[in-house]
Amino acid sequence: MPVEVRIPTILRTYTGGEKAVSGNGETLKQLIDDVESRHPGLKDRLVEGDGLRRFVNVYVNDEDVRFSGGLDAALSDDDVVVVLPAVAGG
Amino acid sequence: MVRYASLADSVGHTPLIGLPNLSPAPDVRLWAKMEDQNPTGSIKDRAALNMITRAEEQGLLRPGSTILEPTSGNTGISLAMAAKLRGYRLICVMPENTSVERRQLLAMWGAEVVSSPAAGGSNEAVRVAKKLGEEHPDWVMLYQYGNPANAEAHYLGTGPEILEDLPEVTHVVAGLGTTGTLMGIGRYMAEHAPDVKIVAAEPRYGELVYGLRNLDEGFVPELYDPTLVTTRFSVGSRDAVRRVRELLEREGIFAGLSTGAIVHAALAQAVKAHKAGERADIVLIICDAGWKYLSTGAYTTDLDSAEESLDTQVWA
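Protein sequence lines, in the order shown, are assigned to chains S and D.
For the first sequence, the UniProt record's numbering begins at 1 and goes up steadily by one.
For the second sequence, the UniProt record's numbering begins at 1 and goes up steadily by one.
Hints listed in this document are in silico derivations from the structure and should not be mistaken for laboratory results.
Possibly wrong hints are sitting among the right ones.
[As the list claims (entries may be wrong)] Pairs of lysine-lysine, DSS-like flavour, derived with a Cα cap of 30 Å:
#: 1; chain 1: S; residue 1: Lys43; chain 2: S; residue 2: Lys19
#: 2; chain 1: S; residue 1: Lys29; chain 2: S; residue 2: Lys43
#: 3; chain 1: D; residue 1: Lys197; chain 2: S; residue 2: Lys29
#: 4; chain 1: S; residue 1: Lys19; chain 2: S; residue 2: Lys29
#: 5; chain 1: S; residue 1: Lys29; chain 2: D; residue 2: Lys272
[Claimed, not checked] Covered stretches of chain D (in silico footprint by chain S; criterion: 3 or more residues with CB under 8 Å from a CB of chain S, positions within the stretch not fixed):
#: 6; segment: 121 to 129
#: 7; segment: 169 to 179
Built from N, CA and C at the ideal position, the CB exists for glycine as well.
Using the sequences provided together with the hints, build the complete structure.
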């Protein structure tokens with residue numbers, strides 16, 4: 001079952017302008033590899049070494065994956081994955 | 001004792017109010033820390049006052065100094081009050097897509113406002129303020145995103161107040177912007193009640209606010225230490241509006257939109273604890289009241305219209 005991945009404006013050059021793409025994987029890492037196979041270049045913008053890039057936040061069902069296993073975070077059917085650049089609040 | 005020598009002395013010591021109607025079970029309770037009851041109506045009075053006090057102690061601020069600060073609103077309003085009382089000039093850099101009430105309040109307390117472009121939100125405000133700071137080396141930028149006195153205000157105030165009023169606290173849920181509130185409370189709880197879960201509720205804005213030119217323009221506040229946080233949620237404007245109305249409807253509390261995001265995350269923790277059969281006493285921060293957001297229509301229009309009107313705004 002596919003997982004929906006929402007892509008921020010700044011990374012849509014890799015998805016042909018699509019706001020969301022779907023992919024498969026039991027973990028975030030597998031999902032990113034799967035999406036990369038159809039949208040090459042995206043993975044390098046998200047991942048650096050063993051983790052996410054500093055200014056990239058990824059949320060699974062609105063929860064920041066850095067607190068739920070990072071790239072090893074488990075995914076289930078119909079999860080929604082949101083990718084956002086880290087911006088200032090306050 | 002609720003008598004104070006001056007307005008500035010009255011910052012903090014806010015009430016902790018039970019939310020019996022929103023609490024899902026007798027042993028899963030929600031509590032609201034009423035930070036809207038600070039002098040200018042927001043939690044930012046704590047950080048602003050402490051940053052100014054520390055800067056005075058360090059000799060950075062002297063009579064007649066000019067303070068420069070990037071802010072989406074509340075910090076600026078708090079600084080404006082303190083600056084007025086202590087005789088400083090204040091220049092705020094604020095994204096142009098913030099509510100009109102914030103501008104009116106800043107003007108009322110005598111602050112000057114420099115607008116930064118809407119696209120990029122507070123990122124742009126920080127960039128513009130840093131550039132202005134370079135052009136005017138005599139201006140003092142307190143810089144809430146990296147100033148330890150911001151988090152310290154909560155380490156010395158908000159955190160101890162919560163633990164004193166509710167020793168059985170299990171969770172604290174607060175907004176994540178500069179990260180000062182959560183860093184200060186988180187550090188205090190780590191030292192004094194390490195089992196307390198620290199939950200961050202981060203506003204998720206519309207696309208315009210994330211409109212960076214490239215990912216390297218991203219921003220993580222210098223204060224942020226993720227080891228002090230248990231979990232972090234991203235909450236969109238629709239959920240924030242829905243929850244802020246629920247808080248008003250069920251508990252009679254009229255709060256601002258960032259508080260809606262916090263209520264959303266707090267209720268998720270409450271449901272989780274209830275399902276697991278665990279006791280919970282969850283403190284959520286009421287950052288400010290709703291007055292400053294009336295013009296957005298968030299309280300009066302249907303949810304779709306409210307969501308649409310907030311889509312381009314820095315609403316928290």
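May I ask which of the numbered hints given earlier this structure violates, with the numbers listed in increasing order? Violated hints: none at all, because every hint is consistent with the structure.
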